[in-house]
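Trainee: What follows is each chain in one-letter form.
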Amino acid sequence: MIEFFQAVLDPDNRFLVYALGMGGLASIAFGIIGTFVTIKRISYLAGAISHSVFGGIGLALYLQVGQGITWFDPILGAVLAAVIAAVAVGLVSIHAKEREDTIIGTLWAVGMACGILFIDKTPGYFSLSSYLFGDILLISQKDLLFVIGLDLVIVGVVVLFFNQFFGVCFDTEFALLRGINTTFFYLFLLVLTALTVVLLVRIVGIVLVIALLTIPPAIAGFYARRLWEMMLYSVLLCAAFTWAGLGISYQMSLSSGPTIIVLCGITYLVLMALNRVVLKLRHGSF
Amino acid sequence: MTHPGNRTDDTACKGPFMETDISLNHVTFAYRQQPILEDVSLTVPKKEFACVVGPNGGGKTTLLKLILGLIQPDDGQIRVLGSTPEKARNRMGYMPQYAHLDMNFPATVLDVVLMGRLKKTAFWFSAKDRSQAMSAIDTVGMTPFAHVGFNTLSGGQKQRVLIARALCSRPDILLLDEPTANVDHETEENLFSILKDLNREMTILVVSHDLGFVSKYVKTVICVNRLLVIHPTTVMDGTMIKDIYYGDLKMVRHDHRCSQEGHCHD
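These protein sequences, in sequence, are chains A and B. Position one of the first sequence corresponds to residue 0 (numbering that gives the first Met the number 0), numbered consecutively onward. Position one of the second sequence corresponds to residue 0 (numbering that gives the first Met the number 0), numbered consecutively onward.
Rather than coming from a laboratory, the hints here were simulated on the basis of the structure. One or more of the hints may lead you astray.
Said to hold, decoys possible - To be clear about the criterion: a stretch of chain A counts as covered by chain B if any three or more of its residues have a C-beta under 8 Å from a C-beta of chain B, and this derived list gives those stretches:
| # | region |
| --- | --- |
| 1 | 40–50 |
| 2 | 165–171 |
| 3 | 197–208 |
| 4 | 225–235 |
Said to hold, decoys possible - No farther apart than 16 Å at their CA atoms in a straight line, the calculated lysine to aspartate or glutamate pairs in the EDC-like style are these:
| # | chain 1 | residue 1 | chain 2 | residue 2 |
| --- | --- | --- | --- | --- |
| 5 | B | Lys119 | A | Glu172 |
| 6 | A | Lys141 | A | Asp72 |
| 7 | B | Lys45 | B | Glu185 |
| 8 | B | Lys118 | B | Asp101 |
| 9 | B | Lys119 | B | Glu85 |
| 10 | B | Lys218 | B | Glu200 |
| 11 | B | Lys64 | A | Glu172 |
| 12 | B | Lys118 | A | Glu172 |
| 13 | B | Lys64 | B | Glu85 |
We treat Cβ as the ideally placed atom computed from N, Cα and C, and that holds for glycine.
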């Protein structure tokens with residue numbers, strides 16, 4: 000572990016400082032949005048959004064490299080695809096009722112497939128694995144600014160509309176009766192989720208997004224008594240997992256995204272098992 | 000024989016100047032061509048305490064949702080407090096069936112009750128919102144639990160918290176969907192005596208799927224099973240819960256002033 004800290008302090012390893020900064024800053028967005036995704040039980044929607052992001056990235060690469068539209072970079076494609084997918088998925092989940100699963104599953108797969116088709120038609124070779132599984136070591140200064148901006152938006156919105164979001168997540172029907180525009184706040188939440196997912200894709204990739212979005216809040220849920228507590232714990236846990244994951248992956252020459260996810264997953268499973276044991280001991284059935 | 004809409008006789012005996020809080024005029028509602036309510040007419044006077052009973056799927060919750068304006072009738076008119084259900088919403092307190100709520104949601108009792116103070120125009124809760132919420136919590140006898148996690152409460156305690164949430168906007172009409180589901184007999188008595196006190200200030204409509212709650216507390220029983228029939232409890236002989244539950248259930252069946260097909264208590 001000491002080698003890792005020495006590496007971070009080495010001015011030649013700027014990328015490590017960026018990676019650690021990105022992990023910490025992004026955790027603010029992940030912890031807050033992840034808490035909503037977990038309590039509202041919309042991780043399936045978040046999954047569909049994240050896979051649609053790949054369609055946007057594919058389209059952007061095709062336009063930028065294949066058609067010479069230079070200003071259309073992958074991050075713009077990702078943001079556009081994510082926001083469109085969020086609104087589409089949100090409207091489906093409000094109106095489609097019992098067909099919801101099928102439609103969202105279709106969006107999920109078609110979004111991903113479109114991305115690959117676009118890349119097929121783009122000249123040159125692209126390594127898909129950094130999009131699929133993330134590469135936090137490729138983080139640039141621009142990404143850091145994007146994260147800071149998103150953090151400010153999310154914290155601002157959630158502080159202002161905390162009660163409205165609370166109402167929409169806990170009991171949508173009741174919130175509607177109190178005069179809250181529940182459809183607006185639900186779609187708003189999904190759009191924020193979409194933007195957060197775009198951010199996550201840089202760190203852990205499309206395939207692993209859902210894990211980092213839902214596991215820290217799931218662990219926080221064991222201990223939090225109130226919604227804001229759950230958010231705070233999720234942010235701290237998320238930062239701890241990304242930093243620890245980065246350290247371990249650097250030390251052992253592993254991919255950073257999967258290392259972070261495995262660390263999250265193992266911690267969650269161990270804590271869940273421990274909680275069960277504690278519960279059983281307390282009720283004396285052991 | 001009393002038919003749906005024959006309500007005028009009953010109201011007449013309660014006084015000619017009764018104000019009407021809720022009125023349904025020949026309301027029909029179908030879900031996917033399946034009729035849930037057919038040609039239902041109902042008048043609920045101010046300070047009424049009525050219990051809506053009927054079998055599962057008989058349209059009880061649909062009736063409440065129509066009154067709240069959460070769904071629109073296919074035919075007929077609904078008026079609440081002299082205007083449309085949507086406009087009257089903020090003067091109605093609603094307690095939904097608690098089964099549809101996520102019981103692991105991280106919130107304290109006060110957090111849940113404060114939802115009743117949500118407003119279209121305000122960002123945060125004011126000190127007044129908090130004191131109103133605390134007094135609603137006090138009304139249902141849950142003050143010691145105000146800062147306890149909602150998910151650690153028992154079924155009956157959760158129901159009381161949800162009643163407090165419905166109360167804290169100081170509504171004129173209180174609508175409760177199955178407030179006594181999954182609670183023991185003592186808790187049920189307790190809840191109904193709270194409701195009886197509240198009835199001095201507001202109109203109350205309680206939905207229940209079994210006749211056990213047609214107790215000494217309610218003034219009127221509304222039977223819903225696609226069609227709607229009203230029984231004033233004063234007309235019924237035995238008013239004790241036990242009588243109705245065990246003995247008088249049959250009485251209600253045979254004495255039933257409903258001849259139309261589709262209405263049965265089996």
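Trainee: If you draw a straight line from the CA of lysine 64 (chain B) to the CA of glutamate 172 (chain A), is it 16 Å or shorter?
Mentor: holds, 10 Å
Trainee: What's the verdict on lysine 45 (chain B) and glutamate 185 (chain B), does the C-alpha distance respect the 16 Å limit or exceed it?
Mentor: Roughly 29 Å between the alpha carbons, so the hint for lysine 45 (chain B) and glutamate 185 (chain B) is violated.
Trainee: Test coverage of the region 165–171 of chain A by chain B using CB-CB distances below 8 Å; three residues minimum.
Mentor: Three-residue rule met by the region 165–171 of chain A, so holds; n is 5.
Trainee: Count the residues of the region 40–50 of chain A with a beta-carbon closer than 8 Å to any beta-carbon of chain B: does the count reach three?
Mentor: Contact hint for the region 40–50 of chain A vs chain B: violated, 1 residues under 8 Å.
Trainee: Would the hint linking lysine 218 (chain B) and glutamate 200 (chain B) be met if the CA-CA limit is 16 Å?
Mentor: holds, 15 Å
Trainee: Going straight from one Cα to the other, do lysine 119 (chain B) and glutamate 85 (chain B) come out at no more than 16 Å?
Mentor: holds, 14 Å
Trainee: Can the restraint linking lysine 64 (chain B) and glutamate 85 (chain B) be considered satisfied, given a maximum Cα separation of 16 Å?
Mentor: Within the cut-off at roughly 11 Å; holds.
Trainee: Regarding the pair lysine 119 (chain B) and glutamate 172 (chain A), is the alpha-carbon distance no greater than 16 Å?
Mentor: Holds, at roughly 14 Å.
Trainee: Using C-beta distances, would you say chain B covers the region 225–235 of chain A, given that this needs three or more residues below 8 Å?
Mentor: holds (count 4)
Trainee: Can you take a look at whether the region 197–208 of chain A is actually covered by chain B? Rule is 3+ residues, C-beta closer than 8 Å.
Mentor: Violated, because only 0 residues of the region 197–208 of chain A bring their Cβ atoms closer than 8 Å to Cβ atoms of chain B.
Trainee: Are lysine 118 (chain B) and aspartate 101 (chain B) close enough, with their CA atoms no more than 16 Å apart?
Mentor: violated, 22 Å
Trainee: Check the hint pairing lysine 118 (chain B) with glutamate 172 (chain A) against an upper bound of 16 Å on the C-alpha distance.
Mentor: holds, 14 Å
In summary, the structure is inconsistent with hints 1, 3, 7 and 8 from the numbered list given earlier, while agreeing with the others.
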